[in-house]
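Chains as they are written, first to last, in the numbering used here: chain A, 1 to 827; chain B, 828 to 1206; chain C, 1207 to 1313.
Hints may contain errors.
SDA-like, lysine to any residue: derived pairs with alpha carbons at most 25 Å apart [stated by the list, open to error]: (1) K1046(B) <-> R279(A); (2) K505(A) <-> R527(A); (3) K196(A) <-> S465(A); (4) K1045(B) <-> R723(A); (5) K196(A) <-> L1214(C); (6) K1045(B) <-> V1021(B); (7) K1171(B) <-> A64(A); (8) K196(A) <-> R1286(C); (9) K1171(B) <-> S465(A); (10) K505(A) <-> K1045(B); (11) K1171(B) <-> S63(A); (12) K423(A) <-> R346(A); (13) K1046(B) <-> L540(A); (14) K196(A) <-> K423(A); (15) K1171(B) <-> G552(A); (16) K505(A) <-> G1060(B); (17) K1045(B) <-> T281(A); (18) K505(A) <-> R1043(B).
Calculated from the structure, these hints are not laboratory results.
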Amino acid sequence: MTALRRHRALDATWSSRPGFRGWFSTVNHSDLGRMFLATSFFFFLVGGILAMLIRAQLATADSAFAGPEIYSQIFTMHGTIMMFLFAIPTFEGLAIYLLPKMLGTRDLAFPRLTAYGYWCYAFGGTMLLVSLLLGIAPDGGWFMYPPLTGAIYSPGINTDFWLIGITFVEISAICAAVEFTVSILKYRAPGMSLDKMPIFAWYALVTSLMILTGFPPLILGSILLEVERAFGLPFFQADLGGDSLLWQHLFWLFGHPEVYIIFLPAAGVISTILPVMARTTLLGYGWIVASAVALAFLSFGLWVHHMFTTGIPHMGLAFFSAASTLVAVPTGVQVFAWIGTLWKGRPELHLPMLHLLGFLFTFVIGGLTGVMVAVVPFDWQAHDTAFITAHLHYVLFGGFVFPILAGIYYWLPLFTGRTRFFKLGEMAFVLIFLGFHGTFLAMHWVGLMGQRRRIDTYDVETGWSTINLISSVSSFIMAIGLAMVLVDIILHVYVALRGRRDPWKSGTLEWAMMAPPPAYNFASLPRVTSRAPLPDISGLANRLARGEGYLGNRPAVRRETLAVDISSGQPDYLVVYPGNTALPIVFAAVTGLFFLSLLIKFYWLTPLAVLGMMVLALVWVWRLGAREDSGLQEIGHGDRVPMAGETSRSPGWWGSAFLLVANGTFFGSLLFGYAFLWTVAPGWPPSQWLEPSVAETIAVTGGALVAVGAMRIAARHNRRGGRGLSSTVIALMGTLAVAAAIATMLHRMPSAGSHAYAATLFVLGSYVLFHAILCALMQANLFARIVAGYTSPHRRAEFAIVALWADYLAVIAAIGVAAAQIPGMLA
Amino acid sequence: MPTRKRDHCSTESRKEDAVWQNALLVSIEAVAPIGAENSKQGDSYNRMGPGCSAGADASDNQKLGRAGKCGKQAEQETGARRPKCGPGPEDVTAPPVENVRTEKAKGQRHGERHAHGVNGMPQYRDAGFRLRVTRSCSDWVDKLFPGIRFAHCRKLLILGTAATCLTLSGCQGEYSTLDPAGPAARSIATLWWVMLIGAAIILLLVMGLLAAGFRRNKKEVGDAAHMRFWIVGLGLGFSMSVLAALLAYGLVVGERLLPRADADVVEVHAQAERWRWRFSYASQPDFETENVLHIPAGRPVDVHVTSLDVVHSFWVPRLAGKLDAIPGHVNRLRIEADQPGVFKGLTAEFNGEGYGGHVFDVIAHAPDTWEAFLREEAR
Amino acid sequence: MRDLLRILAPLVLWLASFSAIYGLHGLGCAQGWAQITLGPLTLFRSMMIAAWLFALLAQFALLWGTRTWPFGPQGGFAGRTGMLTGWAAVVATLWTLQPVMTTTSCA
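Please model the entire structure based on the sequences and the hints provided.
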C-alpha cells in the first residue's frame, strides 16, 4: 500500500464528519484541542476586556465610570474567567492537541471523555457569560469568601452562578486530568520508556496529578457553600458551629496548587522550546523532572500563606512561610537549568525566543516578589493590596501568557502547515512587554502606599493618581499588543504561505507528521530509542507514512492504537477507540440541565436530569467491549499483544484508579473539614450527637466487606470459565445493605440545619450513599453484561473495574461510619 | 544592620534580644517569663535600625527614658533635634473632640503641625512635603548603608534612592506602609527595603547570566560541568542560602511582632460591621467610639479584632500589619504609635459595596494626657 | 507504576507528615497543650518535636527502603530521580518543619 492510499484509508476511518456539524460529534483530539484553544482564547478576550474596564475605572481618582455593584462584578469575573475559563482550559487544549502527537500515538485514552469535557467547559462557561450579560454576575471576588457570599449578605443569584458554573467547568478539568494521566502513562510509542518521554509530557503528567488532587477541595467547598445557600446547612456560619475559615482553607487548598497547575504546563512549553531555540538539548532532564515533581508537592504545602492575616498562631504560619520559601528552590533549579541550556547552546532570537526572554525577566521578578510575600511580617502589610495584584500578574502573566505565546508561535506551523509571513508578532511582543511592565511594576509601589485591591475608587489626596494613570495607559498598550497577536494569528491561519515540515529542526515526534496533522496523526507508530527521535532516525516521518512502524500492517477499518508498559514502554495491548458520536454533547447537555435546575431552583427537574445522566452513562459503557474473544493481535515487527478488553488492567481500570485518586481527595477534604470544624470552629460541641447504632455499623462494614469479597470471587469464577453471576449478585446485595444502612442513618440523624456537625454528617452520609448506589448500578450493569455475553475468561477487564470501585466503597463506608458513630459513643 | 543608634521609643525592641540572642528552645518555651524579664530592661539596641523617630543626630548622652515617656518628652529633656522621616504626626495632646486646637510642636524644626478638630474629627495636614521626601530618603540610606561615610558614595546613594522615591511620588502618605510611625510598621518597612535591595541584586545577576548566554565565543564544557554550576551551584546552593537567610530574618521579625504579655499594654476591642468599626476600651467599659480608635502614643496597644457579619481586616498601614476580623473568632493585633497623631485605618478584606469607603482613624494621644482623656470621655 | 511511585513516594510522605503536623499543631493549641509543662518543655512542644523527628525518621527509612524491596535495585532513571526526590523530601522535612523548634507555640 502506498503512503497516499494508506492516508486515504486511515483518514476515512478517523476523521470527523465534514462541515460544522462535525464539531458536535467529533471525538478526535486534534479537533477538540483546537476547539478548546479557540474557546479559551475567546474567554481570554472577554477577561481582557473586563481588565480594561478595571483599569478604566482606576485610571483617575474619584472615578464615576462604574458603581461599586457593577465594579464588583467586573473584577470578580475578570479573575474567575482568567483562572477557570482561560488558563486551565488553555493548558487542556494545548495538551489535548499535542500530547498524543508528542508521545507518538494516535489519540488520548478516552476520546469521548475529551469531547464530554469540552462541552462541559463550553456550557459552563456560557452560563457564566450569560450572568455577565444580564448584569447578575458573581460579585464576591474570585475567592468568594463567605459569609459575604452566604445567603444573608449575597441573597441574589450572582453567587450561585459562580458556585454552580465553576463546578460544572471543573468537571472538564477533572476529565482532562484523568485522561492525560492515563494517556501519558499508557499511550506512548513503543520503546518510549519514562526517561525518553518528551519533557512536556512529564510536566503534563505532574500537572494532571495536581489537578486530580487540587480541584476536589474546591469542588467540595463549592458544594458546601451552595448547599448552605440553598438549603441552610450551616457550614460557614459561626453562630451554628460553622466557620468561614473552613472555606478559606478549602479554597486555598485548591487555590495555591492552582497557581502551579497554571505555571507547570507553561514551564513544560519552555523546556520544550528553549533547547530548540538554543540548538541544543535540555540541561539536566532528570533534575528538571525531579524539580517539577518537588514543585508540585511543595505547592500543596503552601495554602495557608494566603491566610497569614487570619490569626493563625505564628508556628502555624512559620510552617507555611518556610514551605513558601522552599518552593522557590525547585523553581530556581528550573530557571537556572534554562539559562544553563542557553549557555550550552547557540541561542537564536526567533519570535518564540523573544517571548521566552519576556517570560524569564517577568517571572524572575514575580518569583522574587513571591518570596517577599512568603515572609510573614511583610505579608501582613502587603496582603490584599495592589502589591499582591501586581505580584500575581507577574507570576501568572509572566509565567503563563508569555510562555503560551511562545508556544503558539512555535507550534503555529504545525497547527496550520503554513510559514510565518506577517511580522506583526515582533511589534506585538514589544508592546505587550512594555505595556505589561508599565501596568504592573508601579502597582507594587502603590500597594505599599496603601492601595487595597478591589477598591472601586480613591481620593486624590491618597497620592495614588499618577501611578494608577500610568498603569491604565500601559494596560491599554498591552491590550493593543495582544490584539495584534490575534490579528497576526488569524492572518496566519487564513492567508500565509504553505511551509515545510519541522521548520525549527526540532527533535520531538509531533513534527514527524504532515502539517496540519491528519486525524490519525501517524500512519504507523514509531519505535522510539531516544528523547529526540526525529534527528536520530533518518527519514522517520516518511518511513512512518509508508507504514514501516507498528500497526502499519493493520487494516484501517477501526481506530486502533497501542498501549505500552508504564516503565519500559514495551507494547502492552491493542486499543480500539470509539468512533464519532454525539453522545458526549448530549451527556454534557443533560449534565448542564442538572446544574441549571439547581441554579434556577427548579428542583423538580433535578431528579429527571440525574435519571437522564444515568441512562446515558449506561449507553456510554454498553457500547464498549466485544462479544467474542479476539486473541493475540499482530502489531508488526513480529510483536503480538492482546486486546485491551482481554487484560485485567484495561484503560478503564487505569481511568477509574485515577478518578478515585481525585475522589479520595474529595473525601479526604471532607474529613479535614469535619476535623477542622471540630477543633477550630466556635460553638462546638453540638447539643446533640447522632445516637450510635451497632446494627448500622455492622450492616455498613459487613455489607461492604461482602461486596469486596464477592467481587473477587466473581472475577476468579470468570477466569476459570464460569460466569460469576451468583457472586456478582451477592456483591450487589452487600452494596445495597450499605446503602440501606446509610439511608437509615441519614433519616434518624439530628436535623442537618441545626448545627455544622449535623450538616457535615449529612454530607458525609450522602457521599457514602451516593457511592453505594453508584457501585450497585455498576454491579447490576456487570450482571447484565455477563448475561449479554460481553465477558469471558479472556474478556475480564470489567470485573477488575467494578472490584476497584467496590474496594473504594468499602474504605469510605468504614471511615464514614466510624466518623459518624464514634463521637456519639464517646459522648 | 546598623547597631550604633539607639531607639528607646520602641517597646518591641525590648523584647527581641532575650528571645533571639538566646534562641534556645527553652527560652522560647517560657514566653511569659521573658516578657516580665524584658520589661525591666528599659533600653536596648534596636537592631532593626533607627527608623524615623530615632534621633539620627541625637546626642550620645541622651537620657534613656522608658518607652512610655519617649517621643516628645525625651526630646524636651535632651533637646535633641530629630530629623523627620514621616510626615510628622500631629501632636494631639488633648481630646480633639469638639474643639479646635493648634499646638506648635516644641523642639522640632520644620513645618507647622496642626491638629484640627473639625466636626470632632482631626484632620491630617501635610506640610513641607518635598523637603521631607528627600530627607527621609537620606535617612533610609543611612539606615541601609550604615557604614558608608564617603561623601560621593553617600550622595550617589541618596540621589538614587531619592530619585526612586520621588518618581514614584515618594514613600510618604497617610496610608503608606513605607512611612512607618510605629515600631511594627518600621521593622516591616526595613524588611521591605532589605528585600528590595536583595531582589534587585538577584535580578541583575540572573539577567546578566541570561544575557551572557547569548555570547558567541563560549567555551565548550561538558554537560556535567554545566550541571554542577547551574543546577547544583546556583539552583540549589545559591537559592537555598539566600532563602534560608531570608526565612530566618522573616521569622525573627515575626516573633518580635507577636503580642506578648507586657504590663504596659493597653487593651482595646475592635468590632467590624458592614461598613463601620466600633471600638471599646478595656479600662473604661462604658466608653465606645465609632470609626475612631483612641490609643496612647508610645505604649503597646493590643487590638482584639472581631466581626459581626462578614470577614473584614483591621489595618493601620503606618502602625502595623493587618489582621482579619472573622465572625466567631477574636484575633489580637499589637500596634503602637511612636508619637501622638492621627493615623488612617483601612478595612483590608473585600466586604461588599461599601468597601472602598470603609475606613477609620486612629488617634494617638500623648501618654500624659491619655488617662485624663479616658476619664473625661467615660463620663 | 512502580517507577513512578518510587519518584513520588518521598514527597507524598513529606506532604502527609507536613499536613499531619500542621493538624497536630491546630489540635494542640485548641486543647491547650501549650499550658501543660513537661520537664523543660511543654507537652505541646514535645509532641511537635517528637512528630517532627518521627517524620524525619520515616523519610530516611523510605530513602533506605527505595534502595531495596519492593522497588528493585538502584540505578536507572527512576532510581536516580527517586534519589533526588528522596533527598528533596528530607530537606523539605527539615526546612518546613523546623519551626517546631524555633517559633512561639500558640500565639
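Here is how each hint holds up against the structure:
1. K1046(B) <-> R279(A): With Cα atoms ~16 Å apart, K1046(B) and R279(A) stay inside 25 Å; holds.
2. K505(A) <-> R527(A): It holds: about 20 Å lies between the C-alpha atoms, which stays within 25 Å.
3. K196(A) <-> S465(A): Violated, at roughly 54 Å.
4. K1045(B) <-> R723(A): 70 Å, violated
5. K196(A) <-> L1214(C): 18 Å, holds
6. K1045(B) <-> V1021(B): Status violated; Cα separation ~35 Å.
7. K1171(B) <-> A64(A): Between K1171(B) and A64(A) the Cα gap is close to 24 Å, so the pair holds against 25 Å.
8. K196(A) <-> R1286(C): Judged against 25 Å, a Cα distance of about 14 Å means the pair holds.
9. K1171(B) <-> S465(A): At roughly 18 Å apart (the allowed maximum being 25 Å), S465(A) and K1171(B) satisfy the hint.
10. K505(A) <-> K1045(B): 22 Å, holds
11. K1171(B) <-> S63(A): 21 Å, holds
12. K423(A) <-> R346(A): 23 Å, holds
13. K1046(B) <-> L540(A): The given pair, whose Cα atoms are some 33 Å apart, is violated under the 25 Å limit.
14. K196(A) <-> K423(A): 36 Å, violated
15. K1171(B) <-> G552(A): 75 Å, violated
16. K505(A) <-> G1060(B): With Cα atoms ~31 Å apart, K505(A) and G1060(B) exceed 25 Å; violated.
17. K1045(B) <-> T281(A): Holds: K1045(B) and T281(A) sit about 16 Å apart, inside 25 Å.
18. K505(A) <-> R1043(B): 20 Å, holds
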